[in-house]
Amino acid sequence: DAGITQSPRHKVTETGTPVTLRCHQTENHRYMYWYRQDPGHGLRLIHYSYGVKDTDKGEVSDGYSVSRSKTEDFLLTLESATSSQTSVYFCAISVPTPRGTGELFFGEGSRLTVL
Amino acid sequence: TQLLEQSPQFLSIQEGENLTVYCNSSSVFSSLQWYRQEPGEGPVLLVTVVTGGEVKKLKRLTFQFGDARKDSSLHITAAQPGDTGLYLCAGGTGGGNKLTFGTGTQLKVEL
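Here the protein sequences come in this chain order: F and B.
If you're matching positions, the first sequence starts at 1 in the working numbering and goes up one per residue.
If you're matching positions, the second sequence starts at 116 in the working numbering and goes up one per residue.
Among the clues, some could well be false.
Using 16 Å as the maximum straight-line C-alpha spacing, the simulated EDC-like pairs for lysine to aspartate or glutamate come out as follows [unchecked claim]:
#	chain 1	residue 1	chain 2	residue 2
1	B	Lys-213	F	Glu-59
2	B	Lys-213	F	Asp-54
3	F	Lys-70	F	Glu-27
4	B	Lys-213	F	Asp-56
Anything over 10 Å on all C-beta distances counts as not near chain B; from chain F, calculated [what the hints assert, rightly or not]:
#	residue
5	Pro-8
6	Arg-68
7	Asp-73
8	Thr-77
9	Glu-79
If you're looking for bench data, these hints aren't it; they were derived computationally from the structure.
Even glycine gets a Cβ: it sits at the ideal position worked out from N, Cα and C.
Between the sequences and the hints, there should be enough to build the whole structure, so can you do that?
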């Protein structure tokens with residue numbers, strides 16, 4: 001158990017409303033990520049963070065913003081939700097390995113439906 | 116943008132059969148990981164390979180990293196229903212802290 005919790009786990013909202021998803025970790029790892037998962041696309045990186053207030057864009061960042069004011073929390077915000085943002089969102093942390101790579105541990109996902 | 120294409124996209128086989136899943140890219144990666152995901156859960160790491168030509172075995176699963184570090188394969192021997200799930204490859208760059216995921220292979224193993 002990597003101590004990652006996502007909230008909410010399920011949310012239904014309407015087009016144009018703001019939505020914030022929260023990811024909380026208990027182990028103070030430096031790297032945190034937000035991915036979205038859609039059929040046929042695998043997992044696509046939205047934004048990631050490499051420290052408090054240090055964030056960078058992923059491949060599908062348009063329409064999303066993030067914030068990391070504390071090591072343990074990484075927030076994903078949809079300023080004005082659209083139907084194309086209906087998806088399952090996964091938060092992940094990266095744990096360093098002896099081989100110099102990072103092993104990702106994922107939360108259980110947040111299913112967002114935008115009507 | 117680095118792309119990782121997996122094939123096949125879907126695979127339905129009988130228990131006891133062998134199968135191979137492929138992960139291909141035109142880009143070079145510093146590492147290649149394979150994850151398995153079950154419904155309603157996040158992906159779980161199976162293996163990491165970092166050297167071109169590297170082969171790793173995990174019980175009935177054999178993973179290989181291509182010599183040029185652009186592709187990888189996952190071979191399962193004598194598949195079992197417990198192998199059912201979504202298999203994802205992921206290529207690492209920049210020290211391995213930024214991963215690009217493949218499109219996924221949905222495997223179903225039936226009795």
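To see whether the hints hold, each was checked on the structure:
no.	hint	verdict
1	Lys-213(B) x Glu-59(F)	holds (11 Å)
2	Lys-213(B) x Asp-54(F)	holds (14 Å)
3	Lys-70(F) x Glu-27(F)	holds (12 Å)
4	Lys-213(B) x Asp-56(F)	holds (11 Å)
5	Pro-8	holds (15 Å)
6	Arg-68	holds (15 Å)
7	Asp-73	holds (18 Å)
8	Thr-77	holds (21 Å)
9	Glu-79	holds (24 Å)
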